[in-house]
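Asks: Next come the chains, spelled out residue by residue.
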Amino acid sequence: MDPQAAGAVSVAAPNRPTREPVGAPVFELRDATVRYGSFTAVKGVGMDIPRNEITALIGPSGCGKSTLLRSLNRMNDLIAGASVDGKIMYNGEDIYAPDVDPVEVRRRIGMVFQKPNPFPKSIFDNVAFGPRLNGYKGDMGDLVEESLRKAFLWDEVKDKLKESGFSLSGGQQQRLCIARAIAVDPDVILMDEPCSALDPIATLKIEDLMREMKDEYTIVIVTHNMQQAARVSDMTAFLTVDIDDEVGERTGALVEFDTTATIFAGAHDKRTEDYISGRFG
Amino acid sequence: MSSSASPGTGPSAGASTTPVEEPSALRSRGAARYSDRAFTIMLWAAGATVLLVLGAMVVRTVSDALPVFQYQGFFSFVFGTEWHAGFSRQEFTGTYGAWPFVWGTIYTSLIAVGIALPMSIGVALFINFYAASRVRQLMSYSVEILAAVPSIIFGLWGLLWFVPTVLHPFSIWLNSVLGFLPFFGGSVPNVNYFHAGVVLGIMILPIITAVTREVMATTPVDEVQAAYGLGATKSEVLRKVVLPRSFGGIVGATMLGLGRALGETIAVLMLVGGSQRFDTRLFFAGDTLAAHIAATFQDASPETLVALMGIGVVLFIVTMVVNIVARLIVWRFAKTAGAGDAL
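Sequence order for the protein chains is A and B. Quick note on numbering: the first sequence equals residues 1 to 281 in this note's numbering. Quick note on numbering: the second sequence equals residues 1001 to 1343 in this note's numbering.
No lab work stands behind these hints: they were computed from the structure. Hints may be right or wrong, so weigh each one.
[Said to hold, decoys possible] Interface residues of chain B toward chain A, partial, derived using beta-carbon atoms under 10 angstroms:
id, residue
1, 1222
2, 1223
3, 1224
4, 1226
5, 1228
6, 1229
7, 1230
8, 1231
9, 1232
10, 1234
11, 1240
12, 1244
13, 1245
For glycine and all other residues, C-beta sits at the position ideal for the given N, C-alpha and C.
Whole structure, please, built from the sequences with the hints as guidance.
Replies: Set out below in C-alpha cells:
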C-alpha cells in the first residue's frame, strides 16, 4: 500500500462528494519517525496533508497518532528526549531544520487540546492572550469578537466577556479554546481529540464548527471516534501499532491514507477494514 | 441509630425469619473495638497537648509581661524609642520603649525578603524549567540542605568570612557612592542592619525557593501547553502563565520566610550590632527583638526580665500575625489552584 495520497484522491466514493485538494499540500511528511529517547513512537510516516481540508488521524491506542499530530507544530519539543527523523515539510519548508524557530511554527500552526484548557482569565483575555503575545496592534475588541464569532461562541458570551473562562460549559470552553487559537490567525489548526471530554451535543457543535472553519484553515484532527472521522473529515489516515514481542516495543505506523470515503467504504488494507468494522482496536 | 423503630418493622422483621446465628457477624468484635477506642483517645490526647502547650505559653508569657505593660503602657512600650534597663528587684525604675528593636526586626527582615524573594523566584524558575534533570536534582537537594543548616553556622560564616570579605567592602563602596543620601550615610561598622539582613536573606532563600518551586510545579500542564500552542516563547510562558498561577503561593512562601526572619535570633545577634537606639540608616548597628532578648537575659535584673518578657510578647504578636496571614494566603491559593493537574 502506497501511503502517499496523491494518486488516491481521485477515488471518490459515490455517496460522498470529495473535493480535489487545491494547490500544494500544507504538510508533506517523508519517512517521518518520532522517538522519545530510545523508544520509537511512530515510524516511517509518509503523507501529504491537503490545504483547506479536514484530515483525520485514526487508529488504536498507542499507534502514535497524537505523537504524529504534535510533531506537526513541534509541540513534541516540550517533551524531554523527543526527536524527529525524516522530513516534515510545512508549505515546502522543513520545520525541523536547525534554523527554524519552533515558536514561529506554533504561531502559524495552532493547537486545540483534548481537555478544554482555558487560562484562569476572563473570556476576553483568553482570546486576547495570543494576539497580545504577538504584539497585535489593531482593535483588540474587534479581534476578540471576530474570533468568538468564528468559533460560534459570540452569541453565548457577548454579555459576559469579563467572566472567567471557567464559568462556561465544557463545550463552550472548547469553543473558547478554538477562538483563542483562531485569534492568532493561524494557517493550520491541529486538534487532539477535541471532543473526547464533551457530550454528544457539544461534540456536534464542534463538528459543525470544523466544517465551517475549513474554508479558512487546514484542520488535522486526531480522534478515537470513527463516526466522528467519518462525519467531519475529507481525508483519513489510519495508523496501527506494531508490537515487537522480542524487544517488547510498540511502534506506530501509517497503514493507509486516503479520502475518508475510500477508507470507510473500501479500505485497501485488511487492517484498516478490521479496525473500521470494529473487529480490532 | 434507629433504635426507636418498633419491633416487627423494617429489617428486624426480615431478620426474624433467618437463623439466630446470623446477626453475630455484624456485632462488634470486642478486642478490635477497644484498641480502636484507645487509639482514638491517644490521638485526642496528642492533639490536646499541642493546644495546652500553646495556651500555657501564651498565658504565662503574657501574664509575666503584664506588669511592664501596666508600668509603661502597652502603646508606649511598643512605640517608645527610649530603652533604659533598670536594676530594681521590687519595682520598675527604667524606661522601656521597645521600638528600636521592633524597628530593627522589621528592617532586617524586609532587607532579607527584598534580597531573598527575587533570587528565590529566579532559582525556582531555573530549577523547574531550565535545569537539566541531573542539575535539577542536585539543586533541589542543595536548596533543602541549605534550609537545614543551623543558623549559628550562618552567623559564624557571615561574621568570619562573608561580611569581612564580601559584604563589608560592598557596604563601604555603597556608602562612598551614595553616602550623601541619609539612608546610606554615616559610618559603616562591620555589624549593622544591612549585614544582618543580607545573611538573613541567604538563610530564608531556601525556604522561599522550596515552596515557590513546588507551587510552580503545580501549574497545570494544560495551561502551559495552551500557551506554547499559541506561539508563546518559554519566557512568555513563565511570565504569563506560571508566575500569575503561582502568585498566591509565592506570597505565602514569602510570608513563611518573613516569619523565620522575624524570629531569627542567633545569626542576627552576631551580625546586627546591638545599639538600643532607633535609627533609620541602613548601616546602623541596631538590634532586634529576638537578638536583644538573647543578648541581655542572662544578666538582666528582675524588672528588666519582665521587660524582656514584654519584648517576647511583642515578637510573638508580630510573628503570629505574619504566620496567620501566610497560612490564609497559602490556604486560599491551594483552594483555587488545587483543581489543576500537576505534572
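Asks: Which numbered hints are broken by the structure, listed smallest first?
Replies: Per hint list: zero violations.
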